[in-house]
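Please take these sequences and the hints and turn them into a complete structure.
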Amino acid sequence: MELLSGAEMVVRSLKDEGVEYIYGYPGGALLHIYDAIFQQDDVKHILVRHEQAATHMADAYARASGKPGVVLVTSGPGATNAVTGIATAYMDSIPMVVISGQVMSHLIGEDAFQECDMVGITRPIVKHNLSIKHPSEIPSAMKKAFYIASSGRPGPVVVDIPKDMTTPTDRFEYEYPKSVKLRSYNPVSRGHSGQIKKAVDLLMSAKRPVILAGGGVIAANASEQLTELAKLLNYPVINTLMGLGAYPGTDEQFLGMPGMHGAVEANMAMHHSDLILNLGSRLDDRITNATEKFCPTAKLIHVDIDPSSISKTVAADVPIVGPLDSVLNELLKLVKASNITPDKEAHGNWWKQIDEWRARHGGRYRTDDSELMKPQQVIEILCKVTKGDAYVCSDVGQHQMFAAQYYKFNKPRRWINSGGLGTMGFGLPAAMGIKLNYPDEEVVCVTGEGSIQMNIQELSTCAQYDLPLKVILLNNQSLGMVRQWQDLNYESRHSQSYMQSLPDFTKLVESYGHVGMEVTKFDELESTLEKAFAMKDKLVFINIHVDPFEHVYPMQVPKAAMRDMWLSKTERT
Amino acid sequence: MRHIISVLLENEAGALSRVVGLFSQRNFNIESLTVAPTEDPTLSRLTLTTVGNDRVIEQITKHLNKLIEVVKLVDLTEGDHIERELMLIKVKAVGAQRAEVMRSVEIFRGQVIDVTSTVYTVQLAGESDKLDAFIKVIDPANVLEVVRTGVSGIARGEKTLAL
Numbered sequence: 001m002e003l004l005s006g007a008e009m010v011v012r013s014l015k016d017e018g019v020e021y022i023y024g025y026p027g028g029a030l031l032h033i034y035d036a037i038f039q040q041d042d043v044k045h046i047l048v049r050h051e052q053a054a055t056h057m058a059d060a061y062a063r064a065s066g067k068p069g070v071v072l073v074t075s076g077p078g079a080t081n082a083v084t085g086i087a088t089a090y091m092d093s094i095p096m097v098v099i100s101g102q103v104m105s106h107l108i109g110e111d112a113f114q115e116c117d118m119v120g121i122t123r124p125i126v127k128h129n130l131s132i133k134h135p136s137e138i139p140s141a142m143k144k145a146f147y148i149a150s151s152g153r154p155g156p157v158v159v160d161i162p163k164d165m166t167t168p169t170d171r172f173e174y175e176y177p178k179s180v181k182l183r184s185y186n187p188v189s190r191g192h193s194g195q196i197k198k199a200v201d202l203l204m205s206a207k208r209p210v211i212l213a214g215g216g217v218i219a220a221n222a223s224e225q226l227t228e229l230a231k232l233l234n235y236p237v238i239n240t241l242m243g244l245g246a247y248p249g250t251d252e253q254f255l256g257m258p259g260m261h262g263a264v265e266a267n268m269a270m271h272h273s274d275l276i277l278n279l280g281s282r283l284d285d286r287i288t289n290a291t292e293k294f295c296p297t298a299k300l301i302h303v304d305i306d307p308s309s310i311s312k313t314v315a316a317d318v319p320i321v322g323p324l325d326s327v328l329n330e331l332l333k334l335v336k337a338s339n340i341t342p343d344k345e346a347h348g349n350w351w352k353q354i355d356e357w358r359a360r361h362g363g364r365y366r367t368d369d370s371e372l373m374k375p376q377q378v379i380e381i382l383c384k385v386t387k388g389d390a391y392v393c394s395d396v397g398q399h400q401m402f403a404a405q406y407y408k409f410n411k412p413r414r415w416i417n418s419g420g421l422g423t424m425g426f427g428l429p430a431a432m433g434i435k436l437n438y439p440d441e442e443v444v445c446v447t448g449e450g451s452i453q454m455n456i457q458e459l460s461t462c463a464q465y466d467l468p469l470k471v472i473l474l475n476n477q478s479l480g481m482v483r484q485w486q487d488l489n490y491e492s493r494h495s496q497s498y499m500q501s502l503p504d505f506t507k508l509v510e511s512y513g514h515v516g517m518e519v520t521k522f523d524e525l526e527s528t529l530e531k532a533f534a535m536k537d538k539l540v541f542i543n544i545h546v547d548p549f550e551h552v553y554p555m556q557v558p559k560a561a562m563r564d565m566w567l568s569k570t571e572r573t
Numbered sequence: 001m002r003h004i005i006s007v008l009l010e011n012e013a014g015a016l017s018r019v020v021g022l023f024s025q026r027n028f029n030i031e032s033l034t035v036a037p038t039e040d041p042t043l044s045r046l047t048l049t050t051v052g053n054d055r056v057i058e059q060i061t062k063h064l065n066k067l068i069e070v071v072k073l074v075d076l077t078e079g080d081h082i083e084r085e086l087m088l089i090k091v092k093a094v095g096a097q098r099a100e101v102m103r104s105v106e107i108f109r110g111q112v113i114d115v116t117s118t119v120y121t122v123q124l125a126g127e128s129d130k131l132d133a134f135i136k137v138i139d140p141a142n143v144l145e146v147v148r149t150g151v152s153g154i155a156r157g158e159k160t161l162a163l
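Protein chains in written order, with this note's numbering: chain A, 1 to 573; chain B, 1 to 163.
Derived by calculation from the structure, the hints in this document are not laboratory data.
Please note that a few of the clues may not be correct.
To be verified - Listing some non-contacts, in silico: residues in chain B with all C-beta distances to chain A over 12 Å:
#	residue
1	Glu12
2	Ala13
3	Asn29
4	Thr34
5	Glu145
6	Arg148
To be verified - Pair by pair, the computed Cβ-Cβ distance ranges are:
#	chain 1	residue 1	chain 2	residue 2	range
7	B	Lys72	A	Ser568	54 to 64 Å
8	A	Ser140	B	Asn27	28 to 38 Å
9	B	Leu33	A	Leu567	47 to 57 Å
10	A	Gln114	B	Arg109	38 to 48 Å
11	A	Lys336	B	Leu33	19 to 29 Å
12	B	Pro41	A	Ser140	38 to 48 Å
By construction, the Cβ of each residue, glycine as well, lies at the ideal position given by its N, Cα and C atoms.
What follows is the structure, given as structure tokens:
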């Protein structure tokens with residue numbers, strides 16, 4: 001058997017796990033590992049400018065591919081800088097393995113230079129974490145980390161490695177385990193047949209059904225089964241923010257996104273339904289509004305791989321714990337074999353009602369109340385220019401909601417956003433992670449002047465690794481979502497929601513060697529975007545000036561039911 | 001309602017902190033906690049008492065089960081069970097009090113395990129209510145120190161919590 005140092009074992013384990021890229025930043029505790037990286041070519045290291053960006057790059061790769069992203073950060077500040085990215089991945093159930101350096105084991109607890117308790121700090125924001133006590137544990141610990149991160153409900157796993165576990169002269173036998181078995185961790189592989197049968201009976205006899213598809217459908221690669229089931233039943237489908245693309249966004253059975261900024265027809269249909277088939281959505285507060293007023297006439301079938309997501313916010317009538325792909329396969333089989341005749345007349349009336357709700361708002365917005373163009377127009381043109389087929393990586397705020405509402409995602413894993421944690425600064429590194437791994441695809445970062453400046457230093461990384469992504473900056477000169485809430489709830493007292501002293505973005509991106517463009521008039525927008533996307537080998541940053549007073553609508557009225565929404569600044573449901 | 005949840009946990013560094021962290025992180029209540037290795041040195045047995053409605057208790061057990069190091073758990077209060085807690089209590093005992101305290105110790109079937117001319121140290125085991133009752137019958141002004149282990153519990157009959 002081969003003898004390797006701990007540092008070599010870390011790198012070799014990554015190779016044996018099939019990892020192509022890792023994202024990181026070196027430091028004292030990692031020097032042995034970085035030396036081992038230097039001496040091989042299989043695992044390629046991407047040097048970011050801030051560790052948070054490394055986590056978002058890895059995270060976005062995982063969102064697009066379904067495979068765990070890998071991050072390497074040093075002890076102390078390197079590790080703490082990664083915390084936001086780890087929490088982002090945790091909230092959205094994204095598989096990720098984060099290797100953090102640690103001070104030498106005999107120094108742990110002595111407040112050594114660049115020491116921090118990474119295992120303690122990350123405990124509430126990881127699926128699991130472990131620290132290495134002996135170099136010979138490294139292969140099995142790495143296997144365990146990848147297995148836990150990517151199985152069951154995926155999530156980030158931190159492996160904390162003290163520097164003396166990687167000493168080049170201490171060599172041990174290396175063999176990468178083929179598999180790992182844990183007596184205390186056995187993710188479910190299928191749903192309970194009796195429960196699934198109950199669900200099918202409810203599904204077949206429902207008069208006003210809706211299918212709600214969340215991020216779980218995407219994580220389980222179950223979009224095809226979802227689409228087949230919805231088509232078979234001719235039931236309306238709603239995708240959550242994390243589920244966008246799970247069901248095709250341009251299909252007529254698609255009602256849009258539910259919740260806080262959901263479509264009128266989606267929120268109305270859920271509220272008035274008699275059955276919700278919830279596939280892998282957590283039903284968090286941004287969907288349900290006040291839970292005590294949530295969908296009063298609906299029975300709830302809740303399918304989730306994580307039992308703790310079921311009946312957490314809303315009690316389920318039929319809970320099904322299991323992976324979405326296998327549960328959907330079984331649902332399909334039983335629906336096809338069911339001897340219950342669907343109530344065609346009720347369904348016809350239900351669709352008629354839904355179409356009336358559709359006509360009520362239909363994603364309209366005013367364009368006549370401002371000289372400047374509307375952010376919604378920008379997203380619609382972006383969708384047109386990229387033929388609805390780009391990877392859209394969003395930051396957080398109004399632009400995120402506009403992108404979610406107006407870009408029509410027909411495929412899963414194309415909409416990359418921080419849904420749970422709502423991490424500003426996510427968009428640019430996420431787009432970098434996608435462009436690096438999918439160089440032939442169109443990759444767009446939709447952002448605002450607030451969000452982009454939270455990780456703008458990564459334009460340097462883009463230059464180093466030649467990542468010709470496109471940045472669409474919806475520049476409204478303010479922290480738009482904060483400002484919107486201040487308009488609605490604080491009598492327009494815009495406390496700290498202005499973005500003053502913005503840089504000249506064109507000059508800034510040019511200083512990194514990229515191309516900057518600026519758009520102020522709507523009639524120049526499409527041609528500018530065409531020009532930008534034609535520059536295949538250049539990162540183009542397009543600063544688009546939009547109406548600073550625009551709000552995101554519909555917007556649910558706080559502490560009310562799903563149906564209670566503002567439709568514009570002056571109209572309510 | 002009060003629940004006693006018994007957990008088999010991998011006997012590994014950091015496992016306990018995950019359990020405790022979970023309770024504060026998710027705003028669950030924890031009234032008492034006791035933990036020690038079992039006859040199998042790779043496993044710890046942890047007993048905790050908590051208070052909550054059915055929904056909260058369901059979430060607690062689900063989240064505990066999610067922790068990678070939790071091997072198995074049972075809510076003992078769902079079935080017939082026995083619970084015990086041990087208390088060591090130091091009581092002022094001078095003059096007439098000495099006989100008075102001794103009488104209470106006998107009634108509660110405790111044992112005096114240390115004596116000085118002014119102090120009795122009493123050991124008492126039983127359900128938590130019984131320990132509370134003992135403290136009540138001793139004049140609080142005479143109680144010098146109380147140490148309680150927290151609740152341990154086990155199911156009645158054939159039922160076991162084991163691998």
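> Can the suggested window of 54 to 64 Å be confirmed for the beta-carbon pair Lys72 of chain B and Ser568 of chain A?
Replying inline: 55 Å, holds
> Taking 12 Å as the cut and beta carbons as the points, is Arg148 of chain B off the interface with chain A?
Replying inline: 28 Å, holds
> Are Pro41 of chain B and Ser140 of chain A spaced within 38 to 48 Å by their CB atoms?
Replying inline: 20 Å, violated
> Are all beta-carbon distances from Thr34 of chain B to chain A longer than 12 Å?
Replying inline: 20 Å, holds
> Does the Cβ-Cβ separation between Leu33 of chain B and Leu567 of chain A fall within 47 to 57 Å?
Replying inline: 52 Å, holds
> Do the beta carbons of Gln114 of chain A and Arg109 of chain B sit within 38 to 48 Å of each other?
Replying inline: 57 Å, violated
> Any Cβ of chain A at or closer than 12 Å to Asn29 of chain B, or is the non-interface label fine?
Replying inline: Holds, because the least Cβ-Cβ distance between Asn29 of chain B and chain A comes to about 17 Å, which exceeds 12 Å.
> Does the claim that Glu145 of chain B lies off the interface hold, with its Cβ farther than 12 Å from every Cβ of chain A?
Replying inline: 31 Å, holds
> Was Glu12 of chain B rightly flagged as not at the interface, with every chain A Cβ beyond 12 Å?
Replying inline: Glu12 of chain B not clear of chain A: closest Cβ-Cβ about 9 Å, inside 12 Å.
> Is the Cβ of Ala13 of chain B more than 12 Å away from each Cβ in chain A?
Replying inline: 8 Å, violated
> Between Lys336 of chain A and Leu33 of chain B, does the beta-carbon spacing fit 19 to 29 Å?
Replying inline: At roughly 51 Å between Cβ atoms, Leu33 of chain B and Lys336 of chain A fall outside 19 to 29 Å, so the hint is violated.
> Between Ser140 of chain A and Asn27 of chain B, does the C-beta distance stay in 28 to 38 Å?
Replying inline: 35 Å, holds
Against the hints set out earlier in the document, violations occur for numbers 1, 2, 10, 11 and 12.
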